[in-house]
Amino acid sequence: MPKQSVLLAMRAVLGAALLMHVGCAAIIWRRGRQARGTHRVKIRGPRAWGARLMPVTGILILCFIALHVLDLTLGWGVQSSGFSQATADESFAYQNLVASFQRPQMAIFYSALMAVLAIHVAKGFTTVASDLGAMGHRWRATLAVIGGLLAVAILIGNGAIPVLVLTGVIS
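In this text, residue positions in the sequence shown follow our numbering: the first is 1246, and each later residue adds one.
No lab work stands behind these hints: they were computed from the structure. A portion of the hints provided could be inaccurate.
[As the list claims (entries may be wrong)] Taking CB as the label site, the calculated pair distances span:
no.	residue 1	residue 2	range
1	Thr1387	Gly1413	34 to 42 Å
2	Ala1293	Gln1249	42 to 50 Å
3	Met1380	Gly1413	22 to 30 Å
4	Ala1398	Gln1279	30 to 38 Å
5	Ala1331	His1382	44 to 52 Å
6	Ala1293	Ile1272	20 to 28 Å
7	Ile1272	Leu1312	22 to 30 Å
8	Arg1285	Gln1330	20 to 28 Å
9	Met1265	Ser1375	13 to 21 Å
10	Met1380	Ala1262	39 to 47 Å
11	Gly1402	Ala1254	21 to 29 Å
12	His1382	Gly1413	46 to 54 Å
13	Gly1277	Gln1249	18 to 26 Å
Using N, Cα and C, we set each Cβ at its ideal position, and we do this for glycine too.
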């Protein structure tokens, strides 16, 4: 079995999952537009913002994934000057990550996109719970808190990496 076979399999599964997610999101968006018709009710408040931002945050995350792959995996176009291509014997993922986040614009971009991802995950989590039948007020409130905590964990965990590289804690 080749050394990189598990990594390649994981990338293939993640790529397929991403394509299915985007396809399903487009179908749900189109069906929602058709179901509402011309006499739409305007929802206001925090729930409305989350729902309105889902397509926008989804597109931003898709662009981020493309940039992330170009920068850290393939080394095409936007990679740092310190980028090292992986070989059959060794990977330079850590070194490429540090080299990339030493550029302030990439660190700021990555951190900002973690906030976008947190918004998307928080709203998506509650939407999935609702779609799967969690309709009671207590269940929805509990799942909204869990989704929010998950989003905050992603924001803090992944958002800290570029900050730690820029401040020299990670080198």
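| request: May I ask you to test the hint 22 to 30 Å on the CB atoms belonging to Ile1272 and Leu1312? | output: At roughly 26 Å between Cβ atoms, Leu1312 and Ile1272 fall inside 22 to 30 Å, so the hint holds.
| task | Look at the Cβ atoms of Met1380 and Ala1262 and judge whether their distance stays inside 39 to 47 Å. | result | Distance hint for Met1380, Ala1262 is violated at roughly 27 Å.
| Honestly, do Gly1277 and Gln1249 meet the 18 to 26 Å range at C-beta? | violated, 41 Å
| message | Can you tell me whether the CB distance of Met1380 to Gly1413 sits inside 22 to 30 Å? | response | Hint violated: Cβ distance 50 Å, outside 22 to 30 Å.
| message | For the hint 42 to 50 Å, verify it against the beta carbon of Ala1293 and that of Gln1249. | response | Holds - the Cβ-Cβ distance for Ala1293 and Gln1249, about 45 Å, lies within 42 to 50 Å.
| said: Verify the CB-CB distance for Ala1331 and His1382 against the hinted window 44 to 52 Å. | reply: For Ala1331 and His1382 the Cβ distance comes to about 50 Å; the hint holds.
| request: Go ahead and decide if the range 20 to 28 Å is satisfied by the Cβ distance of Ala1293 to Ile1272. | output: holds, 22 Å
| said: Verify the CB-CB distance for Arg1285 and Gln1330 against the hinted window 20 to 28 Å. | reply: About 51 Å separates the Cβ atoms of Arg1285 and Gln1330, which means 20 to 28 Å is violated.
| Would you say the C-beta atoms of Thr1387 and Gly1413 sit inside 34 to 42 Å of each other? | holds, 41 Å
| task | Can you let me know if the beta-carbon spacing of Met1265 and Ser1375 is within 13 to 21 Å? | result | holds, 20 Å
| request: Given the hint of 21 to 29 Å, check if Gly1402 and Ala1254 actually sit that far apart at their C-beta atoms. | output: holds, 25 Å
| message | Can you tell me whether the CB distance of Ala1398 to Gln1279 sits inside 30 to 38 Å? | response | At roughly 36 Å between Cβ atoms, Gln1279 and Ala1398 fall inside 30 to 38 Å, so the hint holds.
The structure is inconsistent with the numbered hints 3, 8, 10, 13, although it conforms to all the rest.
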